[in-house]
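Asker: Here the protein sequences come in this chain order: A and B. Add 147 to the 1-based position in the first sequence for the numbering used here, that's all there is to it. Add 147 to the 1-based position in the second sequence for the numbering used here, that's all there is to it.
Keep in mind that a hint or two might mislead.
Any copy will do: because identical chains look the same in the list, a pair fits if it lies in one copy or spans two.
Derived PhoX-like pairs (lysine-lysine); straight-line CA-CA distance at most 25 Å [to be verified]:
1. K252 - K208
2. K235 - K252
3. K252 - K218
4. K218 - K208
If you are wondering where the hints come from, they were derived from the structure by calculation, not from laboratory data.
There are 2 protein chains.
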Amino acid sequence: MKKNDEAYDTGCPIAFALKMFGDQWTLLVIRDMAVKGVRTYSELLKGGEGISTNILAQRLKQLEENGIVSKTRDPNNWRSFLYELTEKGRDLAPVLAEIVLWSGKYNLGDNAMKGTLEKVLRNRSAFEENIRMGRIP
Amino acid sequence: MKKNDEAYDTGCPIAFALKMFGDQWTLLVIRDMAVKGVRTYSELLKGGEGISTNILAQRLKQLEENGIVSKTRDPNNWRSFLYELTEKGRDLAPVLAEIVLWSGKYNLGDNAMKGTLEKVLRNRSAFEENIRMGRIP
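Taking the hints into account, I'd like the entire structure generated from these sequences.
Answerer: Following this line, the structure appears as structure tokens:
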């Protein structure tokens, strides 16, 4: 695996899971949009796991082509773009929820983040519904 | 993305989903073990999406290191190995189930396989329980 395909270990349960079962960048981009409400390229670039700008650009293009992300001009800054999950993208909420639960069981590292896990454990339906409505869960 | 990182489109819902959100090989190996009951290297190599032997060897090693797959000598053929999901690997059953459901909604291709989708739709608990017990669901 190429060096620049490797993510930093931030302790996020989703990053933890995907580090184990393959390339993680695409789901990390989806996570940033779904769980953190990120909308811009520069915020996605600062996602925490150290994605490079060329990988981010490639993955966003692929997500757009696959109908998971939509890209629109920022009405407040015509030179910028806003990225949003489509319904198809937001429908990945249950996949994210299950990955979070699995990682919660198996990520025993000291740096394991528990915030999202607790939200899913407390009220999974609300977690998924918020993502489906485009709200931060 | 490298050419040899691309899977053939077999219509499998899990392959469909992962083609969209990143490198798919690792979860395809897990799928072959969990859903098809595959145990040997040569069967994994024939998984359908055209995994290469060097990628398969690398992914199996990584899965073993991460405690998701165990590797033992085949008692009937001492020169061969058997691969099995550990409890940690089998606990990915709900992730697989959600990916199958999502793909079932969005893979509208003529070659979309429906068998696993129907099993999950009919009785999701049984699907997951079978995987957790090491049975073909």
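Asker: Hint by hint, where does the structure go against what was stated? Just the numbers, ascending.
Answerer: none
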